[in-house]
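Using the supplied hints, reconstruct the complex from the two chains, each of which is provided in its own coordinate frame.
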Amino acid sequence: MGTQKSIDYLNVDYGIRSWLLTLDHKRIALLYLISITVMFALGGIFAMLIRLELLTPAGDLVQSDTYNKLFTMHGIIMIFFFLVPSIPSVFGNFLLPLMIGARDLAFPKLNLLSWYVYVLGAIFTLWAMVSGGVDTGWTFYTPYSTTASTTNVIPTAIGVFVTGFSSILTGVNFIATIHRMRAPGLTWFRLPLFVWALYATSLIMVLGTPVLAITILLVGLERAFHIGIFDPALGGDPLLFQHLFWFYSHPAVYIMILPSMGVVSEVISCFAKKRIFGYNFIAASSLAIALFGFLVWGHHMFVSGESVYAAMVFSVLSFAVAVPSAVKVFNWAATLYKGTIELSAPMLYSLGFIGLFTVGGLTGLFLAALGLDVHVHDTYFVVAHFHYIMVGGAIMGYMAAMHFWWPKVTGRMYSQLWAKISALTIFLGFNLTFFPQFVLGYLGMPRRYHTYPPEFQVLNVLSTAGASILALGYLIPLIYLIYSLRNGERAPANPWKATGLEWTVPSPPPPENFDVIPVVDEEPYAYPDLEVQSA
Amino acid sequence: MAPRVDALYAYLIGVSIVFIALIAATLLYFVIRFRARKGNERAPQIEGSLALEALWSIVPFVIAMTMFVWGAKVYFAMARPPDNAMDVFVVAKQWMWKIQHVEGNREIDELHVPVNQPVKLTMTSEDVIHSFYVPAFRVKADVLPDRYTTLWFQATKPGTYHLFCAEYCGTEHSRMVGKVIVMEPTDYQDWLKYSAGAGEKKTASAADLGRVVFEKQGCGTCHRADNGPLQAAVASSLIGPPLKGLYGSTVELADGSKTEADETYIRESITDPMSRIVRGYPPKMPTYRGRVSQEKLLQLITYIKTLATNGTNGSSTDSGQAEPKDDAARS
Numbered sequence: 000m001g002t003q004k005s006i007d008y009l010n011v012d013y014g015i016r017s018w019l020l021t022l023d024h025k026r027i028a029l030l031y032l033i034s035i036t037v038m039f040a041l042g043g044i045f046a047m048l049i050r051l052e053l054l055t056p057a058g059d060l061v062q063s064d065t066y067n068k069l070f071t072m073h074g075i076i077m078i079f080f081f082l083v084p085s086i087p088s089v090f091g092n093f094l095l096p097l098m099i100g101a102r103d104l105a106f107p108k109l110n111l112l113s114w115y116v117y118v119l120g121a122i123f124t125l126w127a128m129v130s131g132g133v134d135t136g137w138t139f140y141t142p143y144s145t146t147a148s149t150t151n152v153i154p155t156a157i158g159v160f161v162t163g164f165s166s167i168l169t170g171v172n173f174i175a176t177i178h179r180m181r182a183p184g185l186t187w188f189r190l191p192l193f194v195w196a197l198y199a200t201s202l203i204m205v206l207g208t209p210v211l212a213i214t215i216l217l218v219g220l221e222r223a224f225h226i227g228i229f230d231p232a233l234g235g236d237p238l239l240f241q242h243l244f245w246f247y248s249h250p251a252v253y254i255m256i257l258p259s260m261g262v263v264s265e266v267i268s269c270f271a272k273k274r275i276f277g278y279n280f281i282a283a284s285s286l287a288i289a290l291f292g293f294l295v296w297g298h299h300m301f302v303s304g305e306s307v308y309a310a311m312v313f314s315v316l317s318f319a320v321a322v323p324s325a326v327k328v329f330n331w332a333a334t335l336y337k338g339t340i341e342l343s344a345p346m347l348y349s350l351g352f353i354g355l356f357t358v359g360g361l362t363g364l365f366l367a368a369l370g371l372d373v374h375v376h377d378t379y380f381v382v383a384h385f386h387y388i389m390v391g392g393a394i395m396g397y398m399a400a401m402h403f404w405w406p407k408v409t410g411r412m413y414s415q416l417w418a419k420i421s422a423l424t425i426f427l428g429f430n431l432t433f434f435p436q437f438v439l440g441y442l443g444m445p446r447r448y449h450t451y452p453p454e455f456q457v458l459n460v461l462s463t464a465g466a467s468i469l470a471l472g473y474l475i476p477l478i479y480l481i482y483s484l485r486n487g488e489r490a491p492a493n494p495w496k497a498t499g500l501e502w503t504v505p506s507p508p509p510p511e512n513f514d515v516i517p518v519v520d521e522e523p524y525a526y527p528d529l530e531v532q533s534a
Numbered sequence: 000m001a002p003r004v005d006a007l008y009a010y011l012i013g014v015s016i017v018f019i020a021l022i023a024a025t026l027l028y029f030v031i032r033f034r035a036r037k038g039n040e041r042a043p044q045i046e047g048s049l050a051l052e053a054l055w056s057i058v059p060f061v062i063a064m065t066m067f068v069w070g071a072k073v074y075f076a077m078a079r080p081p082d083n084a085m086d087v088f089v090v091a092k093q094w095m096w097k098i099q100h101v102e103g104n105r106e107i108d109e110l111h112v113p114v115n116q117p118v119k120l121t122m123t124s125e126d127v128i129h130s131f132y133v134p135a136f137r138v139k140a141d142v143l144p145d146r147y148t149t150l151w152f153q154a155t156k157p158g159t160y161h162l163f164c165a166e167y168c169g170t171e172h173s174r175m176v177g178k179v180i181v182m183e184p185t186d187y188q189d190w191l192k193y194s195a196g197a198g199e200k201k202t203a204s205a206a207d208l209g210r211v212v213f214e215k216q217g218c219g220t221c222h223r224a225d226n227g228p229l230q231a232a233v234a235s236s237l238i239g240p241p242l243k244g245l246y247g248s249t250v251e252l253a254d255g256s257k258t259e260a261d262e263t264y265i266r267e268s269i270t271d272p273m274s275r276i277v278r279g280y281p282p283k284m285p286t287y288r289g290r291v292s293q294e295k296l297l298q299l300i301t302y303i304k305t306l307a308t309n310g311t312n313g314s315s316t317d318s319g320q321a322e323p324k325d326d327a328a329r330s
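Chains F and D, in that order, are what the protein sequence lines are.
All residue numbers in the first sequence are consecutive under numbering that gives the first Met the number 0, ending with 534.
All residue numbers in the second sequence are consecutive under numbering that gives the first Met the number 0, ending with 330.
For the record, the hints were derived by calculation from the structure and aren't laboratory data.
Any given hint could turn out to be false.
Claimed, not checked - Chain D regions said to be covered by chain F (calculated; three or more residues, Cβ under 8 angstroms):
id	segment
1	39–49
2	89–97
3	124–138
No experiment lies behind these values; they were computed from the predicted model shown.
Idealized CB from N, CA, C, for every residue including glycine.
Chain D extracted, bound-state conformation (with noise of 0.2 angstroms):
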C-alpha cells in the first residue's frame, strides 16, 4: 500500500507546489510591481471579472476532484483485505498491544508477519479508543471497545518496522509503540513453531483455545456446533441456533431483516445477543458481557469459523484437548 499512497502523496505535492508557486510568484510580482511611488497615488477601480471567478472556481474545483477519486480509491482497496489474507488478532489496551496468532502464538507490543503475506488484523480495546498505525506500511485503524476494526497490509520487505499508538490513550501513550517483524516465510514458520514471542508459550491454536472457552462456557448447551446424530434429550433443549455452517452465511432475523454472519456480527450476538434475534429462536440468551475477555472472544469466534469449513464434526483438531462432555467445567 505504500507505493499507492507515496504516489498520491507525490501528486498533491506537485499540485501544492505549484499553487504556492505561483501565488507567490504573483504577490511577489505585483507588490514590487505596483508599489507606491510619488505620483501615482490613485489606482485603476477595477470591479472584477466573472470570467476569472469562473475560472479560479472550476479549475480548483476540478482538480479537487481528481484528487478525491484517487483517495477513495486507495481507502477502497485499503478497507477490503484480500481473500487470502492470514488473520491475526490484536487486542489494545493501556497501555500495551497483545496480539494472538491464529496458530496460538501470542506477543506483546511485538507483531511477527511473513513477508509478501497480506496480512489482516481484527482488534478491539479494553479500555479507551487506541490507534493501531505501522508508518512503513501507511496503514492506521482505530481500535475501538466493544467493537471489531480492522486493518490489512502485506509488508514487502523482512524487517522491523515501528508500530504506534496514534490514538492519544492516557499517560503513557507514547509509549505504547510496538514492532512489527517482518520475516521470510520460512523464518516465519520456525518461529511459529519454536517461539512463544514475547507472551506465553505456545499451547494450542487460536481455535483449539476458542473451543475450550465453547465448553467452559456451555455455549453447547443451546447451540450445536456439529451435525452428528443427537440424543432426543439433548435434542430437545437446544434452543439457540446451530453454529455450525455459521460463519459466512446470511442469516434472517425476527424483525425480517437480513444480515451477514461475520466476526461483529457473532460478536454481538455473544456480547449483546437481545440486539440481533435470529427469526424461529426464543429471545432467551443471556448476555456474555465481561464473562469473556477480549481475547477469549477472538479464540471462540475463531471456533466458531472453524466450524463453516471443517468437514461433518465441529470439533476439528487432533489434540488431546477435553472432550464437550465435560459439563462440570461450566462457570
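If we strip away everything but chain F, and leave its shape as in the complex, we get (with noise of 0.2 angstroms):
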C-alpha cells in the first residue's frame, strides 16, 4: 500500500465535534473510557484515604463525618460510576459490532446518549460531593437516609438515578444489537462467550436498574415531601427498602462479574491456543448466574428482622449459585489442558481473575451459610469478600480486557514486561489488602468503622501496606498504556493469533468496521487442531 496512510476510525476526524457528536460505538467506547478512569482515580483517592484513617486505631486523619463521607463516596463512584459501565461500556460498545461482524450497534444515537447519561449523572453526584458530600453508605439504608441523614442525599440520588437510564440504554442497545445484527452464518453457538456474557448483562441491566431507579426515588420523595413509605415514623417499612434495594444490587454484582467472566473466557482460549471447554455450559452458566441473581437478593438481609424461612429460601438458592460460578472455574482450567500456554500480560491478568474469584465465590458460601452469615454480616469478612470479587474479580477481567484489546483499540503495542510487571504486583497488593479484612471480620471488626478497638490495628497496618502496593499497580499501567500510545510499537491486526472477527480488521478498526460483512461458517474459537497438522 505504500505511503498512503489508511483511514481508520480515529484518524478519520480530530475535531472535538468529530468526538462529542461521534455516533461511532468506538469512539463513544473511548469517551466512556476517559470518564470511568476519572471516576476511577477519584474513588481509588477516596479509598487511600480511607486506609490511612484506618491506619491508627484512633479516628485522628479525618472526623468522623468527614470517614463517613469518605467510604459512602468510595463506595457509590466505583459501583454505579466505574464497575456498572467498566467492561459493558468500553469493551462492550468497542467490541461488540466487531464480533459480531456489524457496522455498529442497533441504535447508535442511543449509544451516544447513554454517555451523556452517563456524564449528567456523574456531574450530578461529583457536584453532591463537593457542596458537601453524602454519608448514608453506597447502600443508602432507611430510615437513616430519608430522616436522619443530613448531607446531600437528594442530590447524589439524582446523579445515581439518572445514571441508571444510561445502564438501561446501553443493556437495550445491547440485546437489539445481538438478536438483530449479527453477520450472516453468526449463530448463536458460534458467538463468542464475551458477547454471551454481555448479553446476559444486558439483560440484567434492562430487568434491574429499573427497580433501582423506583427505589432511589421513593427514598428522594420521602426526603423531600415526608411521604411514609421507608421510615416508620410515617408509617412505612424500613425493610421494603432493603428488600427493593438489594432486588436490584445483588443482580448488579453480576452486571459487574459476568463481562469479566466473558473477557476471561476469551484471553484464556487465546493464550492456550485452545478452543474453550465446555462451550455450551458456559454460556449457560452466565445465563443460570443472571436468573438465579434475581432469586437471591434476601441474603443481604440475614439479620435484618426477616423471617426465618424467607432466609432459608434465600440462603438455599444463594448456595445454588454457586454452581454455575464453580462450572466457568472448572471449564477454563480445563481449557489449559494440552494448550500451547503463553503468559502475556492479558494472561496473567485472567490468572489472576481465576485465583481471586476462587477465593471470592468460596467466601461467598460462608456468607450465604445462614448460621455462620450472622456473625460475619457487616464486618470486615463482608468487605473482603466483595473485594475479592469486584476487585480482584471484575478489575482483573477489565484489566486484562485493556491488555488484550489495546492493540485492537489504539493500534499500538505496550511494554510486555512493564504489564506483568504491574499484573504481579496488582495481585499482590491486592491480596495484602483483603486477606488480612478476612481475619479481621472474623474476629469481630464491624465494617464502616471510624475508629476500632486497638487490638484490631495490626491487620489494618498489613491492609494499608497492602493499598498502596496496589495504588502502585494501578498506577503503572497507566504510564505505559500512555507512552506506548506514541512510542508503541505499530499493532497487527492480529497480535495475539486470536480467534474473533474483531481480529480480522486492521488495527485501529477503520469507522465502519468491515469492508464487506464477513460471512461465518466456523465454530467459534477455531484454533488450529494438532491432529489436522500432524495428519
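Put into C-alpha cells, the structure is as follows:
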C-alpha cells in the first residue's frame, strides 16, 4: 500500500465535534474509557484516604463525618460510575459490533445518548460531593437516608438515578444488536463467550436497573415530602427499602462480574491456542447466573429481621448460584489442559482473575451459610469478600480486557515486561490489602468504623500497606499505556493470533469496521488443530 | 453458640482450602506443563466432556447443600431462645445502647449478665436501624425502629466482651460500642442489688414501672388488668379486652384470623391499635405512638406479661407504688 496512510476510526477526523457528536461505537467507547478512568481515580483516592485513616485505631486523620462521607462516596463512585459501566460500556461498546460482524450497534444515537446521560449523572453526583458530600453509605439504608442524615442525599440520589438510565440504554442497545445484527452464519452458538456474557449482563441491566430507579425515587420522595414509605415514624417499612434495594443491587454484582468472566473466556482460549472447554456450559452458566442472581437478594438481610423461612429460601438459592460460577472456573482450568500456554500480560491478569474470583466465590459460601453469616454480616469479612469479587474479579477482568484489546483499540503495542510487572504488583498488593480483612471480620471488626479497638491495628496496618502496593500497581499501567500511544510498536491486525472477527480488521479498525460484512462458517475459537497438522 | 458457629466455619475453611489448592495446583501444573515451546504452536482441540461437566456441577452442589443444611440448623438454634431465658430489654438510639433489666436496673452501653444463663434480648430503636453485635458470642441482630427483634446468647465464661453497633447509623457509629460483662451468678445478684449500673438508680422492677405507666396512661379505663369483683358502672365502661392472661394466649381477631399474643402483638396493639382488632370489641382505641417512650413501652409490656402468670390480682407487687385509683395521674 506504500506510504498511503489508511483511514481508521481515530484519524478519520480530529475535530472536537467529531468526538462529542460521534455515532461511532468505537469512539463512544473511548469517551466512556476516559470518563470512567477519571471516576476510578477519584474513587481510588477516597479508598486511599480510608486506608490511611484506618492505620491507627483512633480517628485522627479526618473527622467521623468526613470518614463516613469518604466510604460512601468511594462506594457510590466505584459501583455506579466505574464498575457497572466499566467493561460493558468500554469494551462491550467497542467490541460487540466487531465481534458479530456489524458496522455499529443497533441504535448508535441511543449509544451516544447513554454516554451523555452517564456524564449528567456523574456531574450531579460530583456536585453533591463538592457541595458537602453524602454520608449514608452507598446502600442508602432507610430511615437513616430519608430522615436522619443531614447531607446531600437528594442530589446524590438524582445522580445515581440518572446514571441508571445510561445502563438501561446500553442494555437495550446490546440486546437489540445481538439479536438483529449478527453477520450471516453467526448463529447463537458461534458467538464469542464475551458476547454471551454481555447478553446476560444486558438482561440484568434492563430488568434490574428500573427497580433501583424506583427505589431511589421513593427515598427522594420520602426525604423531600415526608411521604411515608420506609420510615416507620411516617407509617413506612424500613425493610421494604432493603428488599427493593437488594433486588437490584445483588444482580448488580453480576453486572460487574459477568463481563469479566466473558473476557477471561476469550483470553484463556487465545493464550492456550485452544478452543474453550465446555462452550455451551460456560454460555449457559452466564444465563443461569443472571437468572438466579435475581432470586437471592434476601441473603443481604439474614440479620435484618426477615423471617427464618424466607432466610432459608434465600440461603439455598444463594448456594445454588455457586454452581454455575464453579462450572466456569473448572472449564477455564480444563481449557488450559494440553494447550500451548503463553503467559502474556492479559493471560496473567486472567489467571489472577481466576484465583481471586475463586477466593471471593468460596467466601461467598460463608455468607450464604445462615448461622455463619449472622456472625460475619456487616464485618470486614463482607468487605473482603466483595472486594475479592469486584476488585480481584471484575477489575482484574477489566485489566485483562485492557491489555488484550489495547492493540486493537489504539493500534499500538505496550511493554509486555511492564505489563507483567503491574499484573504481579496488583495481584500481590490486592491480596495483602484484602486478605487480612477476612481475619479482621471473623475477629469481629464491623465495617464502616472510623475508630476501632486497638487489637485490630496490626491487621489494619497490613491492609493499608497492601493498598499502597495496589495503588502503585494501578499507576504503572497508566504510564506505560499512555507511553505506548506515541512510542509503542504499531500493532498488526492480529497480534495474539486470536480467533474472532475483531481480529480480522486492521488495528485500529476503520470507521465502518468491515468493508464487506463477513460470512461466518466456522465454530468459535477455531484454533488450528494439532491432529490436522500431524495428519 | 460460639463453638457451633466456629465448627461450621472450620468446615467451610476446610472445603475452601481444598478447592483453592486444587484449582491453584491445576492451573500452575497446566501452565508449566503445557507452556508454549518452539514447535508446539498447535494444541489438540478438545470440545468438552459431558461427564466432567456433570461431575463438577453435582459435586459442588452436594457440598453446597451440606453447608446450607448445617448453616440453617445453627440459624434455627439462634432464632429460638430457650424457655428459661432471662429477659433483658434493649433500646438503641444514636449513639448509645440503653439496657433495662426486668429487675429494674438500667445501664447505658453496658450489659451485665450472669454466666451460663441464657439471656434473651428484646430490642427496638428510637431512631434509625442499629445492630446489636457481640463478636465473642457470634450473635448479631438488627435493631429496628417501631418493631421488636430478639437475640439470645448464653455466655460460658465470666469476662468483659465487646458490644458493637454493626449497622451504619451516622456520625458516631463507630463509637456506639459498649461492653457485655459476664459475671458469676452470685456477683450478678450483688450487682442487681447494689449497683444501678451506668444508668439511674434502681427504684422498682420493670413490671412495677410498667404498672405506673399503665395507670398514668389510664389504660385501666378500658382494659381490666385483674379479675376481681367490679362495680356495675366501672364494668360498663370497660370497652377494651381484658389483659389478664393475655400474654402467650391465642387471640381471635375481628377478621376471623388468630394470632399469638407475644411482645410484638402487644406492642402493635398499643402503637397501632387499628391494625388488629380483637373480635367482639369496637375499634375505638386511640394510638399511643409517640405518647409512650420506647422504654416505658417495654415496661408496660413487661407489666402486661406479669398479668398472665400471677394470681387473682394483676397488681403483683408488694411495693408501695400508687394504687390504680389515682385518676388524676392520667395524662
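Which numbered conditions among the earlier hints are violated in the structure presented, ordered from lowest to highest?
When the structure is compared with the hints, only number 2 turns out to be violated.
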